[in-house]
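K.L.:
Sequence:
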Amino acid sequence: MSISAWRWAALAGGALAACYSNGMTGTALGAWLAPALLLVFVMTTRVWIGVLVTAGVWSVAGYLMFRGALPVPEAEYIALSVIGGLVSTVPYALHRLAAPQVDRFTGTLVFPAAATALSYIAASGAPFGTWGNEAYTQLNVGPLAQLASVMGIWGITFLIGWCASIFASMLTSPAPRPSFAAVVFALCLVGVLGYGLVRQQMSFEDSPKVRVAALSNPADVADKFFEGCNDRADVRCRNLKARGRWGKLFERSRQAAEEGAKIIVWYESAAQYDKPIEEVFIAEAKAFAKATGVYLIVGAAVAPRDPEAPLENKAMAFTPKGDLAFIYHKAKPVPGEPIRAGDGMIPTLDTPYGRLGAMICFDADFPALSRQAAARGIDVLAIPANDWPEITPLHGEMVRFRAIESGFSVVRATSNGLSIVIDPIGRILRRVNSFEDRGGIAIAEVPSRQISTIYGRVDDLFAGLCLLVTVGLIVLATLRALLRRRREAVQAGLVTG
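Residue numbering for the sequence shown follows the working numbering, beginning at 347 and increasing consecutively.
Simulated from the structure, these hints should not be mistaken for laboratory data.
Please note that the accuracy of each hint is not assured.
As the list claims (entries may be wrong) - Ranges of calculated distance between the beta carbons of each label pair, as one might list FRET restraints:
#1 GLU736 x GLY540: 35 to 45 Å
#2 ALA425 x LEU670: 40 to 50 Å
#3 LEU410 x LYS570: 29 to 39 Å
#4 GLY488 x ILE467: 27 to 37 Å
#5 ILE395 x GLU573: 51 to 61 Å
#6 ARG722 x ARG686: 16 to 26 Å
For every residue, glycine included, the Cβ atom is placed at its ideal position computed from N, Cα and C.
Please work from the sequences and hints to get the whole structure.
P.N.:
Listed below in structure tokens is the structure:
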């Protein structure tokens, strides 16, 4: 097949695969095929034509894959899709310009290093955290997912990108053949999968365990407590609504306690009330925890006295002694969410069942917060959360990587989405989709001791190395290009001496 035929076949296949490479339509295979085929197109096309067409492909694919995931107006969503498409094309442009300037093996590292570095920068500074990272499509490729315990999700991003660059190199070289890079990649992949298979055999039979419960929203509990009495001056109506709401949730919690749960987690904003009656709720929560002998983690939304002030979105922990152990405010609000952000310090509570900690929903999309939790010795992480149909079950399952990375158990209680209980290597012990089982309670026994992980000790070292390698390769490629031009100029007699 001619280069021209390869080019357009690669573009067509890559564009189709891109629409199934991430987000709500993402598949494990699509995540590998899309960059490989699109990189072939970019490497066989004039630089800026290839880059602009690829940016268009990723803009359209992003629009389709994440539609409904972001609660923003259509015009803003289109703009974000275009921006995302342009940003996604940066590694392709760098590879197109830099890879031909260095040796074949080194050239295969440009794309994966740049893609990983870009994902890391986005997760560290962008408002959406790790949303959009292709590693999440590999969650059900169990052995590969375990690589996150060593390198975080960045290792998986790198492998996908490295496979793409080797594939493109083999197809676009003058004499396509297996390269040294392909052999090294194959050995690395075998090693990664072997490590993952061994880690998946880890047993927690002899480990201490605790029975936990994650509540989802019952059908008779409205999303907003003040429905039917929006007027803030109607204190009696609002208080009755708030009390009726938390009364139903205490009843559900009592059911979980009767089934043996020792740690009960409510979903995000489960308890909702106006600030003046907060002490009433806290008193009832203390009494409930003491009467049932459980540790209760409550997701609460509190409307402040000032109607112009942002809501409080927090998690509160109550002990069997009837104490309020900690209050944690959501650190990473979803863009546009009208709440007061917390300081991001993950709280801890020592219990007979290990050290308990908490974060809220979107916080779990930022690995730095989970690493902090692991560093503070948390054994069981409670995550009150709230989702919506378009991001279910994806958003609930994404937290499996936080368990794999940090080695703790996770209890994610969710309204309008997937409640999930996970062990320290990312296995799902219990799941309840509230759209299928309204008000269902996810109850399971989880290991109550954190297991050590390499990622927990070395942090984002691998992602940082990818950033350094990217910069180094750009500098190296630039210098070689300049030297080559100078040699050509000398040979042409344009430079003397």
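K.L.:
The structure should be examined with respect to each hint, and the outcome stated for every one.
P.N.:
Taking the hints in turn, this is what the structure says about them:
At roughly 37 Å, the beta-carbon separation of GLU736 and GLY540 lies within the given 35 to 45 Å, and the hint holds. For ALA425 and LEU670, the hinted distance range of 40 to 50 Å is satisfied, since their beta carbons lie about 44 Å from each other. Range check, LEU410 to LYS570: about 31 Å between beta-carbon atoms, so the 29 to 39 Å window is met. A hinted range of 27 to 37 Å for the beta carbons of GLY488 and ILE467 is consistent with their spacing of about 28 Å.
Between ILE395 and GLU573 the beta carbons are some 54 Å apart, a value that agrees with the proposed interval 51 to 61 Å. Judged by the Cβ atoms, the range 16 to 26 Å given for ARG722 and ARG686 holds: they are separated by roughly 23 Å.
When each numbered hint is compared with the structure, no violation occurs for any of them.
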